[in-house]
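Sequence order for the protein chains is A and B.
Following the numbering used here, the numbering of the first sequence begins with 38 at its first residue and continues without gaps.
Following the numbering used here, the numbering of the second sequence begins with 65 at its first residue and continues without gaps.
No lab work stands behind these hints, which were simulated from the structure alone.
Mixed in with the good hints there might be a few duds.
A few chain A positions that, by computed beta-carbon distances, are all more than 10 angstroms from chain B [to be verified]:
| no. | residue |
| --- | --- |
| 1 | 55 |
| 2 | 57 |
| 3 | 62 |
| 4 | 72 |
| 5 | 83 |
| 6 | 107 |
| 7 | 108 |
| 8 | 113 |
| 9 | 122 |
| 10 | 124 |
| 11 | 125 |
| 12 | 128 |
| 13 | 130 |
Here are the computed lysine-lysine pairs in the DSSO-like style, where the Cα-Cα straight-line distance is at most 27 angstroms [unchecked claim]:
| no. | chain 1 | residue 1 | chain 2 | residue 2 |
| --- | --- | --- | --- | --- |
| 14 | B | 386 | A | 94 |
| 15 | B | 390 | A | 94 |
| 16 | B | 329 | B | 260 |
| 17 | B | 99 | A | 94 |
| 18 | A | 73 | B | 390 |
| 19 | B | 260 | B | 295 |
| 20 | A | 73 | B | 385 |
| 21 | A | 104 | B | 295 |
| 22 | A | 73 | B | 367 |
| 23 | B | 93 | B | 78 |
| 24 | B | 385 | A | 94 |
| 25 | B | 352 | B | 329 |
| 26 | B | 93 | A | 114 |
| 27 | A | 104 | B | 93 |
| 28 | B | 386 | A | 73 |
| 29 | B | 236 | B | 307 |
| 30 | B | 145 | A | 73 |
| 31 | A | 94 | B | 384 |
| 32 | B | 236 | A | 73 |
| 33 | B | 307 | B | 295 |
| 34 | B | 251 | B | 295 |
| 35 | A | 104 | B | 99 |
| 36 | A | 73 | B | 384 |
We put the beta carbon where it would ideally sit given N, CA and C, even for glycine.
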Amino acid sequence: MQNEWPLWEVFIRGQHGMSHRHVGSLHAPDAEMAVKNARDVYTRRNEGVSIWVVEAKHISATAPSDKGPLFEPSESKVYRHPTFFDIPDEVGHM
Amino acid sequence: MYAQLVKSTGSGVKSREEMTDQERDFQDKIDADIKIEPRDWMPDDYRATLIRQMGQHAHSEIVGQLPEGNWITRAPTLERKAILLAKVQDEAGHGLYLYSAAETLGVTRDELTEMLLDGRMKYSSIFNYPTLNWADIGAVGWLVDGAAIMNQVPLQRTSYGPYSRAMVRICKEESFHQRQGYDAIRKMAEGTPAQKKMAQDALNRLWYPSLMMFGPSDKDSVHSAQSMAWKIKINTNDELRQKFVDQTVPQIKFLNLEVPDKNLKWNAKRGQHDYTDPDWNEFFDVIKGNGPCNVDRLAARNKAWDDGAWVRDGLMTHAKKKAAAKMAAE
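My request is simple: use the sequences and hints to build the entire structure.
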């Protein structure tokens, strides 16, 4: 069985969704078939209005071991959030 | 339930003192309900046990299409036919979600398929029973999918992220399966005396095989402790079986059918029904390959795989040629 179809990752944008979200994966010989299969497998109940597929091997991802160095720095920067700042009520909506 | 008798490779649950630092960190994450993701470190036995369990679960979805597919062309009305077709298509989808999730652990789809086809991997014992008539189709949706839901709802909280997400999707769709089954058998139970007899007969034949779906009794279930510590199994077999009985008995009564168990009675002290366990010799025999349909089921899967080989190869060759031509043109 050396001829296995490649793996594709499937992204769907729902009716009220703002962006495509990863929903799962499937095997297909090419992009066209991947879209057709994604439609059959992942949108049987009105889940989507748009489908993206990308071959899994083209996705680069962060390594789990990099989680600390990559994401911890943002934890100490609470001033990035608007609620960090006290605005007096008298100023009105801001 | 779709996974019964999943062998864990470990030698019992390790105490914290026996664990390596890595193993302790891993167990801490699980205890804190933090999901394990594909590229996170995990013990080899966790990976191997999950591949077995998810593979078996996926195979059950796929083989489970056979007993129901058997009645698509003979459904009593066009509406029932469309519903059954949609249900069986869902099962294909469920198999695919689970295969995809298993593949994140480093096994390929074709490897999983090969292991099913040559008997190295199992599927649920229930699908080795035949569907003899239309009442059986109702009973399968109601009881078999009902038992599946009982098992799959807690598995939404399983520790392995991709498995958990597959379970969430599946559970969303599964309720339709059980309801359509109950609706179909209810029609018969409320129909002519002959139809009612068929409904009772289907219940009689599928009751114990459905109870078997939860796997052997806890006292004979040797692989549970480690799987529960890893949260790839959430409840014991007997807990889920009891829950299924308690939930299903009122549904049977509503249909004015009889539970095919003379010893079934409400135990007020326990707040649960007492019931007779299935014949475990029959269960182990079916698992071993001696059920009424084992040979047929595997033959059908092998035939589908072999007969489809030229399509899979042809489409792949076509895709490669097209890609090469596109490359040459650029």
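Hint by hint, here is what the structure shows:
The claim that residue 55(A) is not at the interface with chain B holds, since no C-beta of that chain comes within 10 angstroms of its own (minimum 20 angstroms). Interface exclusion of residue 57(A) from chain B stands, the closest Cβ pair being 16 angstroms apart, more than 10 angstroms. Its closest Cβ contact with chain B, about 5 angstroms, brings residue 62(A) to no more than 10 angstroms, contrary to its assignment away from the interface. In this structure residue 72(A) is separated from chain B by more than 10 angstroms, as the shortest Cβ-Cβ distance comes to about 13 angstroms.
No Cβ of chain B approaches the Cβ of residue 83(A) within 10 angstroms, the least distance being about 12 angstroms, so the stated non-interface status holds. Against chain B, the non-interface label of residue 107(A) holds: every CB pair exceeds 10 angstroms, the least being about 14 angstroms. No beta-carbon of chain B comes within 10 angstroms of the beta-carbon of residue 108(A); the shortest separation is about 14 angstroms. At the 10 angstroms boundary, the C-beta of residue 113(A) stays outside the reach of chain B, the nearest C-beta of that chain being 21 angstroms off.
Non-interface call for residue 122(A) relative to chain B: holds, since the shortest CB-CB distance, roughly 32 angstroms, exceeds 10 angstroms. The claim that residue 124(A) is not at the interface with chain B holds, since no C-beta of that chain comes within 10 angstroms of its own (minimum 37 angstroms). Interface exclusion of residue 125(A) from chain B stands, the closest Cβ pair being 41 angstroms apart, more than 10 angstroms. At the 10 angstroms boundary, the C-beta of residue 128(A) stays outside the reach of chain B, the nearest C-beta of that chain being 41 angstroms off.
Against chain B, the non-interface label of residue 130(A) holds: every CB pair exceeds 10 angstroms, the least being about 39 angstroms. Simply put, residue 386(B) and residue 94(A) have alpha-carbon atoms about 19 angstroms apart, close enough for the 27 angstroms limit, and the pair holds. Taken as a hint, the residue 390(B) and residue 94(A) pair is honoured in the structure, with Cα atoms around 19 angstroms apart against an allowance of 27 angstroms. About 23 angstroms separates the Cα atoms of residue 329(B) and residue 260(B), which keeps this hinted pair within 27 angstroms; it holds.
Among the hinted pairs, residue 99(B) with residue 94(A) is consistent with the structure: their alpha-carbon atoms are about 23 angstroms apart, no more than 27 angstroms. Straight-line distance between C-alpha atoms of residue 73(A) and residue 390(B) comes to about 21 angstroms, which keeps the hinted pair within the 27 angstroms bound. Of the supplied pair hints, the one linking residue 260(B) and residue 295(B) is violated, its CA atoms being roughly 42 angstroms apart against a limit of 27 angstroms. Of the supplied pair hints, the one linking residue 73(A) and residue 385(B) holds, its CA atoms being roughly 20 angstroms apart against a limit of 27 angstroms.
This hinted pair checks out: residue 104(A) and residue 295(B) have alpha carbons roughly 24 angstroms apart, not beyond 27 angstroms. A C-alpha spacing of about 25 angstroms is found between residue 73(A) and residue 367(B), which places the hinted pair at or below 27 angstroms, so the restraint holds. About 16 angstroms separates the Cα atoms of residue 93(B) and residue 78(B), which keeps this hinted pair within 27 angstroms; it holds. Distance check on the hinted pair: residue 385(B) and residue 94(A) sit about 20 angstroms apart at the alpha-carbon level, within 27 angstroms; holds.
Between the alpha carbons of residue 352(B) and residue 329(B) the distance comes to roughly 32 angstroms, so the proposed pair goes past 27 angstroms and is violated. Proximity of residue 93(B) to residue 114(A) is assessed by CA-CA distance (about 26 angstroms); at most 27 angstroms being required, the pair is judged to hold. Proximity of residue 104(A) to residue 93(B) is assessed by CA-CA distance (about 15 angstroms); at most 27 angstroms being required, the pair is judged to hold. Between residue 386(B) and residue 73(A) the CA atoms are separated by roughly 17 angstroms; this keeps the pair inside 27 angstroms, and the hint holds.
With a C-alpha separation of about 20 angstroms, the suggested pairing of residue 236(B) with residue 307(B) holds against the 27 angstroms cut-off. For the hint linking residue 145(B) to residue 73(A), the alpha-carbon distance of about 24 angstroms falls within 27 angstroms, and the restraint holds. With a C-alpha separation of about 16 angstroms, the suggested pair residue 94(A) and residue 384(B) falls inside the 27 angstroms cut-off, and the hint holds. Taken as a hint, the residue 236(B) and residue 73(A) pair is honoured in the structure, with Cα atoms around 22 angstroms apart against an allowance of 27 angstroms.
Straight-line distance between C-alpha atoms of residue 307(B) and residue 295(B) comes to about 19 angstroms, which keeps the hinted pair within the 27 angstroms bound. Restraint check for residue 251(B) and residue 295(B): the C-alpha separation of about 40 angstroms exceeds 27 angstroms, so the hint is violated. A C-alpha spacing of about 14 angstroms is found between residue 104(A) and residue 99(B), which places the hinted pair at or below 27 angstroms, so the restraint holds. This hinted pair checks out: residue 73(A) and residue 384(B) have alpha carbons roughly 18 angstroms apart, not beyond 27 angstroms.
In terms of the numbered hints stated before, the structure departs from hints 3, 19, 25, 34, listed from lowest to highest.
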